[in-house]
Structure formats: C-alpha cells, structure tokens
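Asks: Residue strings, one per chain:
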Amino acid sequence: MPVKVINAGLATTIQDLGRPGYYHLGIPLSGAMDRLAMRAANMLVGNSEDAAGLEAVFMGPELEFTQDALVAVTGADLPPKLDGEPQETWTAFAVRSGQVLSFDFLRSGARAYIAISGGIDTPMSLGSRSTYAIGALGGVDGRGLQAGDMLPLRDGNQVSVGRTVPEKLRRGPGSHVELRVLPGLYWHRITEAAGAGFFDDVWKVAPEADRMGYRFQGGRALTFVDRQAPFSAGSDPSNITDACYPYGSVQVPSGTEPIVLHRDAVSGGGYFMLGTVVSADMDLIGQLQPHTKTRFVKTDMNGALAARRHRAGILEDIRAALA
Amino acid sequence: MTTRYTFGGDEHIFVEIDAEMSLEAFFKSLSITSAVKQASINGVTEICPANASFQIKFNPDRIHPDDLMAELKRLEESANRAEPVLKTRIIEIPVYYQDPWTHETLMRFRERHQDPQASDIEYAARINGYDSVDGFIQAHSGAPWFVSMVGFVAGLPFLYQMVDRKRQIQVPKYLRPRTDTPKQTVGYGGSFSCIYSVRGAGGYQMFGITPMPIYDPKQRVSYLKDFMVFFKPGDIVKWKPINRDEYEQALEDVEKGHFAPRIRNVDFSLDAFNADIDGTNAKLMEALHAG
Chain L
631 MPVKVINAGL ATTIQDLGRP GYYHLGIPLS GAMDRLAMRA ANMLVGNSED
681 AAGLEAVFMG PELEFTQDAL VAVTGADLPP KLDGEPQETW TAFAVRSGQV
731 LSFDFLRSGA RAYIAISGGI DTPMSLGSRS TYAIGALGGV DGRGLQAGDM
781 LPLRDGNQVS VGRTVPEKLR RGPGSHVELR VLPGLYWHRI TEAAGAGFFD
831 DVWKVAPEAD RMGYRFQGGR ALTFVDRQAP FSAGSDPSNI TDACYPYGSV
881 QVPSGTEPIV LHRDAVSGGG YFMLGTVVSA DMDLIGQLQP HTKTRFVKTD
931 MNGALAARRH RAGILEDIRA ALA
Chain E
24 MTTRYTFGGD EHIFVEIDAE MSLEAFFKSL SITSAVKQAS INGVTEICPA
74 NASFQIKFNP DRIHPDDLMA ELKRLEESAN RAEPVLKTRI IEIPVYYQDP
124 WTHETLMRFR ERHQDPQASD IEYAARINGY DSVDGFIQAH SGAPWFVSMV
174 GFVAGLPFLY QMVDRKRQIQ VPKYLRPRTD TPKQTVGYGG SFSCIYSVRG
224 AGGYQMFGIT PMPIYDPKQR VSYLKDFMVF FKPGDIVKWK PINRDEYEQA
274 LEDVEKGHFA PRIRNVDFSL DAFNADIDGT NAKLMEALHA G
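Heads up: the protein sequence lines correspond to chains L and E, in order. Under the numbering used here, think of the first position of the first sequence as 631, with each following residue one higher. Under the numbering used here, think of the first position of the second sequence as 24, with each following residue one higher.
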C-alpha cells in the first residue's frame, strides 16, 4: 500500500495548501511554497487541489512504490526517472507496484512538487498535513521525510496517463527575477534615498533561503529617518515594538539584508518592514535558487490586485486544460 | 496614541495603535480585534492581535481592501467607546531562575552578548540598578505580567510587566541572535518577557527555565488536552521562583501527566489598575491564592 522512502533527498517535506487560522498563535500557514505548482500536480493525477504531496528542494527523493499509482512532478525542472527511465515533468505518468521513482539533477527552479494519485494520507494536524517542522506539526511525526519512512496513500480517482500542463502555463524563474512590492507598513522609517535605492539595486538571493523566509544581499544598506526610539521598541533604528509580520513582508534588520517572509513565517517580531511582496509573486520566490539576481519593483494596490487576477487566470486556464 | 492604518500587500491590513508599548495600546488592540471577530466580516481569514498593533489577513477576491479598511476604521470608533475591562485568568508559572541549561547555552554565545563577563541575568540586574541578582529576581517575579501577544513561533507568549513605567525592567536583546535556546526558557528583550515554546534561535536574554510545557502538538498534559497552545492574549501571569528540587519534581509530574498550573478566573479593569496599581495587583494575588 504505502510508498517507501529509500532516500529522502535534501529537504523533502509533505505539504498541501496549508493550515490557515492559527497565525494569531504563531502557527503559520505552511503548505507548498509554490502553491500553483502543487495544485497543478494534484490536478494532473486526479486529486483534489488541496491533497497532500511532496515538496522536494534542489534534490529529489528516491521512492519505492508498493502499489500502482499515477505520479506528476511540477514546479522546478527536476527530471523524474522511473527505474532509471526519464519521464516528463508537468505530465502524469503511471508507476507500477515495485518501481522506483528517482530524480536527475536540478535544471532550474528550486522546488519540485510530486503528486501521487490519491494523495498522501499521513494524519492531519489542525486541518492540514503540511509539515511545520519548528512546531513539530504535520508531515511524518512533525518532521520532514527520512529514509525508511512509509507514506500511506488514499484511494485515487481514475484519470488517464499522459495528461499534461501546456508549456505556456508553466512558470519557472528566469536568470533575472522581478518581485513586485507594495510599499507600506513601516516604509516611513527609511529615507527617500534609501527607498529609491532599494528598488534600483540588483539583489541576489542569499544562501539563507528557506521555508521561513528568503534573505537577499548585494544592495546598498538602508538609511533611517532619525527618531527618538519609542518606549519598548529597542535602540537599533530598524527596531519596532514587536508586531505582526504579514506573509511576504520585507524586513531589513539593521538596514542591511532584506528578508521576505514565506509560508513558514515567524508571525511577529521586532523589526520594521518596508512593504510586502504581492501575493501573485509569492509562488515565484519558492523557485529561486541562491545567487539568483533579483530586483524589487514598486507597485500599488491596483497593480497588486491586477497581478493577482492574472495569476488566478493562469490557474483557471490550467483547470480548463485538464478538465 | 495615533492609530495608523497600512496595507501589508494585497492580503493584509496592519494597524499600529501606537509606536510605543502601553497597556492602553494593548487594550485598544484587543478591543478592536474582538470587535472584528464578532463582526464576522466576509473575506477575513486571520485576526492577529499584537502588543500595540494588530493585523488582519483577508482574501481580496471576497472583500476589496479599501472596503475592509473602512470597516476597520468604523470598528475602531466603537472600540474607543468600550470600557477597558477584561474577563480573563491568572496563571502561576514556576520558574527555575539561573538554571544550568540556559547557563550552559548562554556560555556558548558569550561573543554575541553586550557583557561577555557576566551572565544574562547578572547583566540585566546591573543595568536595571539592582544590587543583586536576588533583588532582580524578586522584581521580575514580584508583579504580575500581561500576555500582550502570542507568536513569533508556535505558542510563544510576549509578557508585559504590570508596574508603572519607571519600575519597568528593560534589557536590550543580544547583539546578534543565538542559534539555540532551550525549550521553555524564560527570556527578556526590550520591555517584554517571553517563554520560548520550542527550542530554537532567539535573541532574548535568558533568565531561567519553566518545567511547564506551553505548547505540545501531542497534547500530553491535562491543560493542553483542549488545544495544543496554552496562552492567549489577555492572560495574566505570575512567575513563581522554584529551586532545583521543585523543578525536578514538576518535571516528573509533567512526565506522569499530573502537572497542573494554578489558574484562577479574574476580572481586570484597566481604569482601576491605573488608579491603584499596587492595590489591583494585590487583589489579583488574592484571587490567585484563593481556594
């Protein structure tokens, strides 16, 4: 019945669309960092879009199947192999009981999504199977995959092999990436010149980039507007009285390296934020490798909502293509 | 206090009640977020009160950001008229100050500290003008604390000391955050105490450790059976210093599932508190030790 983990890869976790409703207690949404890729993988194998699959970072796992199933791999270009035979990404393929799914080296992107017909059936925690390792929630006993784990599956629906997401609907990062940011929150803390510099400079994804947040390096340090530190905020000009952090918010501790919080965000803390990456560009962050050149592009609410509609349109097109 | 409204991208509204912390700002944040909850606004998905601010997460496909902003401003007006009273609970939390585990950890990160020659609590005592660590512990454990925010990581409470501002303990965070903090460390940063709910990175000074689990996804202790997170904003906490033997005993009780913190229901009025801080706190202590 289950899928046996022979090799877990680098940091492979069970994820679905997450665990909303507990952020006020410090328990973040979690779930796939590239939600559209996760949804597409599920659709390809006939699952509901919120079924649990695997998120593999940079390196794929090695999995032995003990039952027949359909599998689809989306997101990063991490080529799947079945008993050593290359398989297409963004396309459903059949796996027979006894076969081993493994992966070639990563070609582009950062996170591949592996959906298996039926979906992974580990226990739910607060309504989700997503792994939130810091809080030991979801996943396999609250952690990521390890060799020897047995992943139970739910019963799948009958859908045909070979269904594929049209190429124009697959989004991966290019060599240069633009992330749209809505300035706000504590934007007033930095000088006009620092604000302009933030959007002018070319940044690079730092090695410290994970499910909690992505750090960027290489731009100029920010200068702050002088102030008398408010009681309880702290003496560093980048400190605020500890507050909530929006998903996608851009904090810049001590004004040096911006951090964009992602699906496993810390829910709050004492650093100012200059704005927030729009919801439409959050999936893309999950596909950025360290050293990727990145520019932050200023937008406004209308721009953010238009980008969101565009993203929703792509999802609708994928649904229509696979209906 | 001037309330400041701002968008956090297309899915959040962030509302700063005040740039600085005060119980007034906290009460106002709690009062507005309670009103938002009661209003069950279509499209609102998360309501997160914080120390002197709050944040609402919403789905802009279901409510336009400007409409939600207008609705929140209306709710602020009615919250302004609400009496700052709270039905809540007071909880006694045992703390083993200057324990060997946080001491071992702080020794490993001395180069990230303002005063590498002293321990965290010695440093905090000195810069707050206490002659001895014992005097400092008395101050930290003497007055009750308000849980003014839950977050950072799963179930971690921020606590604000219920004394007037000139007696408030203030300690800067580490110069650079540690990569390790023992689970259930009682910490301090700025004007907030905290309890680290899980092991992990942290920048708050470490004063001691509590044997009482406050977050457990497996829900093994009795008081976490209903929900895996113990604290909620508005809880009142009183620290109770304990020694090594009492700590070991409490751990054993936790292990066997017998441990239960002392908890009493109380009514709190901010106006009564401001009129007579020591008197209000004395009544809270009476309630805690009654029965």
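No lab work stands behind these hints, which were simulated from the structure alone. Be aware that a few hints might be false.
Here are some of the chain E residues that sit facing chain L, going by a computed Cβ distance under 8 Å [what the hints assert, rightly or not]:
1) ASN74
2) GLU115
3) PRO117
4) PHE181
Non-contacting residues of chain L with respect to chain E, defined by C-beta distances greater than 12 Å in every case (computed) [unchecked claim]:
5) GLN697
6) SER732
7) PHE735
8) LEU756
9) ALA836
10) ASN869
11) ASP894
12) ARG939
Owing to the predicted nature of the structure, the values given are computational and were not obtained by experimental measurement. In this text, a Cβ means the ideal position worked out from N, Cα and C, and glycines have one as well.
Asks: Would you mind marking each hint as holding or not holding in the structure?
Replies: Against the structure, the hints:
1. Because the beta carbon of E/ASN74 sits about 6 Å from the nearest beta carbon in chain L, less than 8 Å, this interface hint is met.
2. Because the beta carbon of E/GLU115 sits about 22 Å from the nearest beta carbon in chain L, more than 8 Å, this interface hint is broken.
3. Annotation: E/PRO117 was flagged as interfacial toward chain L, and the flag is violated, the nearest CB pair being 22 Å apart, outside 8 Å.
4. Among the interface hints, the one on E/PHE181 holds; its C-beta lies about 6 Å from the nearest C-beta in chain L, closer than the 8 Å criterion.
5. No Cβ of chain E approaches the Cβ of L/GLN697 within 12 Å, the least distance being about 29 Å, so the stated non-interface status holds.
6. Residue placement check: L/SER732 keeps its beta carbon more than 12 Å from all beta carbons of chain E (closest about 32 Å).
7. The Cβ of L/PHE735 lies farther than 12 Å from every Cβ of chain E, with a closest approach of about 30 Å, so its non-interface assignment holds.
8. Here L/LEU756 does not stay apart from chain E, with its beta-carbon only about 8 Å from theirs, under the 12 Å limit.
9. A cut-off of 12 Å between C-beta atoms confirms that L/ALA836 is not in contact with chain E; the least separation is 16 Å.
10. Under the 12 Å C-beta cut-off, the non-interface status given to L/ASN869 relative to chain E is violated; the minimum distance is some 8 Å.
11. The non-interface label for L/ASP894 is inconsistent with chain E: the shortest C-beta to C-beta separation is roughly 10 Å, within 12 Å.
12. L/ARG939, annotated as away from the interface, has a beta carbon of chain E within 12 Å; the closest lies near 9 Å.
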